[in-house]
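There are 4 protein chains.
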Amino acid sequence: MTVRVGVIGAGMIGQDHIRRLTEVVTGATVTAVADVDTGRAAEVAARAGATALPSGADLVASPDVDAVLVTSWGPAHAEHVLNAIAAGKPVFCEKPLATTAEDCLRIVEAERAHGRRLVQVGFMRRFDAGYRQMKEVLSTGSLGAPLIVHCAHRNPTVPESYHSAMAAQDTAVHEIDVLRWLLDDEIVSAQVVTPRATSRRFAHLKDPQIMIFETASGVRIDLEVFVNCQYGYDIQCEVVGEDGLVRLPDPAAVGIRTAARHGTVVLQDWKDRFADAFDTEFREWVASVAAGTEPTGPSSWDGYAATVITDAAVRSLEAGGETVTTDMKPRPAFYGDTA
Amino acid sequence: MTVRVGVIGAGMIGQDHIRRLTEVVTGATVTAVADVDTGRAAEVAARAGATALPSGADLVASPDVDAVLVTSWGPAHAEHVLNAIAAGKPVFCEKPLATTAEDCLRIVEAERAHGRRLVQVGFMRRFDAGYRQMKEVLSTGSLGAPLIVHCAHRNPTVPESYHSAMAAQDTAVHEIDVLRWLLDDEIVSAQVVTPRATSRRFAHLKDPQIMIFETASGVRIDLEVFVNCQYGYDIQCEVVGEDGLVRLPDPAAVGIRTAARHGTVVLQDWKDRFADAFDTEFREWVASVAAGTEPTGPSSWDGYAATVITDAAVRSLEAGGETVTTDMKPRPAFYGDTA
Amino acid sequence: MTVRVGVIGAGMIGQDHIRRLTEVVTGATVTAVADVDTGRAAEVAARAGATALPSGADLVASPDVDAVLVTSWGPAHAEHVLNAIAAGKPVFCEKPLATTAEDCLRIVEAERAHGRRLVQVGFMRRFDAGYRQMKEVLSTGSLGAPLIVHCAHRNPTVPESYHSAMAAQDTAVHEIDVLRWLLDDEIVSAQVVTPRATSRRFAHLKDPQIMIFETASGVRIDLEVFVNCQYGYDIQCEVVGEDGLVRLPDPAAVGIRTAARHGTVVLQDWKDRFADAFDTEFREWVASVAAGTEPTGPSSWDGYAATVITDAAVRSLEAGGETVTTDMKPRPAFYGDTA
Amino acid sequence: MTVRVGVIGAGMIGQDHIRRLTEVVTGATVTAVADVDTGRAAEVAARAGATALPSGADLVASPDVDAVLVTSWGPAHAEHVLNAIAAGKPVFCEKPLATTAEDCLRIVEAERAHGRRLVQVGFMRRFDAGYRQMKEVLSTGSLGAPLIVHCAHRNPTVPESYHSAMAAQDTAVHEIDVLRWLLDDEIVSAQVVTPRATSRRFAHLKDPQIMIFETASGVRIDLEVFVNCQYGYDIQCEVVGEDGLVRLPDPAAVGIRTAARHGTVVLQDWKDRFADAFDTEFREWVASVAAGTEPTGPSSWDGYAATVITDAAVRSLEAGGETVTTDMKPRPAFYGDTA
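Chains as they are written, first to last, in our numbering: chain C, 6 to 344; chain P, 6 to 344; chain V, 6 to 344; chain W, 6 to 344.
Keep in mind that the hints were calculated from the coordinates and are not lab data.
Hints are not guaranteed to be accurate.
All copies of an identical chain are treated as equivalent in the list; a pair is satisfied when it fits inside any one copy or across any two copies.
[Stated by the list, open to error] No more than 30 Å apart at the CA atoms, straight line, and that leaves these computed lysine-lysine pairs for BS3-like:
hint, residue 1, residue 2
1, Lys211, Lys94
2, Lys334, Lys276
3, Lys211, Lys140
4, Lys140, Lys276
5, Lys100, Lys140
6, Lys276, Lys211
7, Lys334, Lys140
If you're wondering where the values come from, they're calculated on a predicted model, not measured in any experiment.
Make a model of the complete structure from these sequences and hints.
Written as structure tokens, this is what we have:
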């Protein structure tokens, strides 16, 4: 059975996922496209051999759509996801699940009322081969209990529109999700301290930032977010356990010796860094939809948790670096025991 | 358009490629399966939702088959490929193209008579991301002209059926193909010297072997073939140019520090090492068939060249290590200027 | 001219430095040894061909002693150093310079009164080739201004006598000194947070600890101190600047591939890790004494600063992790502009 | 007891060793200097606080000289070493021991006649920490018997005076010595093949060269000698055994990430690469002289063997790459069982 996917949001990320669903991943076809810019919807739909529909609601309701992919702008996510749940259709929603914790909770409640999981949130790192190797190593117990995690998330530059709260909301949110999953643990507090700012930034931006998270079991995470590091897109993650540590590998790259230097090229673009993870993410999602099983990726609860934790980080930043406890509801049994 | 592929040879490698064509690569479907073991053909075809056909010839002739994949045992390759050329159908043939240089030449001649390229040979390394990065670096000219290549091809163990000539025919043949492509150069002689043999081998086998190749432009290649190295499947390749060198990366793997050691796990299985290369190989082949263009992968001339060069290596081994000049015909313009 | 060194404190570290001064470093000879255990002093002196003297004061006063090396237990350091200053003799004092900030200040004042620098404190990392390479790279300005430093200081195990405050006083103190020098910047606050403790420790000990320091220019330093990490002695340091980063290398070690693993051995003993640094430290100290110039290594001001900063870290630990501002006096011009 | 060393040959290498003996290594003093350029001898002697003597013979005979260091030009080595043996004085001779195998044998015979070892030859790699780690690993047997060694010896450039035979005589000779020691095995044949030459060389020079050696036990060594590689001084060595491999580390160097590159600097000068090895070499030699024991470094037999093997390599080069068997005498029991 081929899964017929309807895509709400025909911007750059939507188009990239349409290419992925049609050219890379087997078992899916894109049958419908909607966008607030109906001209763009028509154009993208035509290229994909799909039908342009006038609205997200129409798309969710279409009998030619088995599953919904939401890649519209963030403030509209909640509405589309709630529509899909109401229609009983699987829905893949790019991050964030919703822009407020309240909206995330509404989705969680709607899904629970529906009675089975329909929602997957687009945190792709759980599908990266390196993080999966880390989880595999940690799960053997050979390194003992995790105690500390050191992370860095570096981008070469960001545009002027990127503001200080986005360091948590748009950037650190990937670490927040993947570490909850990697550690099988919940984050309970956040502290954000601001080193001397780089001169290579727009003046309004606090960059870099260091975020310190604590988990329920006491693991401490330090995360450097540095979005104007100039030299490349660079993701580092090291989990220190009682008996040893495991470290995320750099992407495999040819070694070059020339002009008195030995080394490799550093990637510049996050899309190159996580290209395989995106492919795997959609391959597994399509497979779960085709099989009629619940999705195995990040749940709406994970989307809610990420929002609550980034909120705490933003509050700490605004409060000048004090430690802020997250304001998270108790986890419903519906979403399993752990992160 | 979905490419309908018929598969001749339903053994392990055939089944793996069927999985790849149906589950991993978009744009293809397997419609027919043939095997000398008709029971196995029936079983594999059933699982794939394809039709079992009584013979390779029937499969090539079937109107439900747009393109042919040959994964039968080596001695039958030539016949199936020649049938496909006669039928004017694209054919992907697992290595070797044929077991003798004469049979390879018959295929080359048939394809030239047909007037356009139909044949791709299954050397997958040209599709490996690491080798492609190496080629990209070399093609910029920043390292100057290539002068020397150092390679190692190591397997943890081989079964008793593996004999000394297979070091060239089955193992080194991958380096022979990928280096002709990487250097854009032809191999003109081979010398095989035999170090002290490992005690971890079957007694009849000369293992390890060191092969030294020379190219038309004078590049020297040394290649260690060691198929009982015990510790893992390990592929090394370093091209030394006038101004620097470039080296194939090891697969990305998590770094682990525990028990007084710092390091990574070494892969054991060549199928894991080149899994992505196989996927890319078939993705690009299916795309070329769907587009009706000539295949971009290794040609029947490349298949012929590989056989001629491995023959020279085997002759050197049998002659006790003297340098043997390859006995290669002039390259027809039909196959382009270079390797 | 051969420098005649008198050694106060004939314990393990004293004996090791005597070996260094007599067997490794040229230009020095050990002429006198004193120890509160006069039997041990006699024995060590005899082996070194030196004279045992009844007390540190006698040793400082001896006409056969050009320069004094203090390797007694910490609480006695201040007295011996003050004696040496009073005698106008160069003195090398193992860390700590003194056990309280007050005593350090008394030494600073005595030295200033004397009018030229006589004291060097035994922080050996400034003499490590890796840190020196880092400083050289940073001083070129090619990485821009430093913004963040990530460090880890891991020991395999510690004895039961090691208590929580020693994480700052004995362990982190090395990073505190070397980072002040590396960054040419002063540390102005400290925060110590305690992750979940490892089960591989004595129950009274908080291990690991994460220390966060801020410098006068706003650089943030995060330092993991983990003294029961089990796997080895491991020192990590990475300075992130505006345009790139520089990282301390692991010690050069042979790469081994065997038994499905690729890697290197991790050192177990800090004395192996910094053996060359100790040699260089004494080589340069002896050269400065022989030349009659001021010592170039860590000054008594550096010893004072290290004590003040570790005090702040201990107060933060005791206060449950709040940020504590250091209580440092203004830097006298006598000690130059910067750290 | 301080060893009084007389130095014959006051050129660059002689001066560097004088510095080492006086400033780095304890237990030695330079008391006499001789040079064919008596003006230079006088000047260097004055700087070292030594006496200039009119000739090497005078220096060997001087009662102020306990041990002789020969750093004159190669053709004079044999005479000075034979003089030292005749005088019964320990002598350290820079490589080569002599410029012909015959002269080496004369030294060997003279030393045997004397009855105990007096001669050490200046092959410094046996004192390099990396090679010593390799030997330690190999000696445990954990990697099984050695089968293959891959080496590279690269210099950034060489002057016009460097000719093709020097690739063996001056460059490969270091690998020849260190591998005989590392493997505890003798080299019995040599083959030199010449890849396409780099355009970055003087026209008379064959560069690079690949040398293939075979040992008595059947180990095969391939060695790339490339003395105009442009990018740096780079020494590689990997020993492949039955159960795994061990590889010489690159020198520890800070990792730098900047300008889209991740890597380290490559050393340019062999003196930097082996500075520590030179220090250790002289430290151990001086200690053996002081103790009155036989030297533990490369013997005159090792000097003879190196000359015989480089002769074979040169003959192979001149003969167009055929395999040449070394013409080595049987090893006298006087020099122990093995290399």
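Q.
Within a copy, between copies, both or neither: which one fits Lys334 and Lys140 at a CA-CA cutoff of 30 Å?
A. For Lys334 and Lys140, the Cα distance is within 30 Å only inside one copy (26 Å; across copies 49 Å).
Q | Lys100 and Lys140: within-copy, between-copy, both or neither at 30 Å Cα | A | within (22 Å within a copy, 37 Å between copies)
(Q) Treating 30 Å as the Cα threshold, decide for Lys276 and Lys211: within, between, both or neither. (A) within (24 Å within a copy, 41 Å between copies)
Q: With 30 Å as the alpha-carbon cut-off, assign the pair Lys334 and Lys276 to within, between, both or neither.
A: neither (33 Å within a copy, 46 Å between copies)
Q: Since the copies are identical, ignore which copy is meant and state whether Lys211 and Lys94 lie within 30 Å (CA to CA) inside a copy, between copies, both or neither.
A: neither (41 Å within a copy, 51 Å between copies)
Q: Could you place Lys211 and Lys140 in one of the four classes (within, between, both, neither) given a Cα distance threshold of 30 Å?
A: between (32 Å within a copy, 27 Å between copies)
Q: Pop the pair Lys140 and Lys276 into one bin, within, between, both or neither, using alpha-carbon distances up to 30 Å.
A: both (22 Å within a copy, 22 Å between copies)
Comparing the model with each numbered hint stated earlier shows that hints 1, 2 do not hold.
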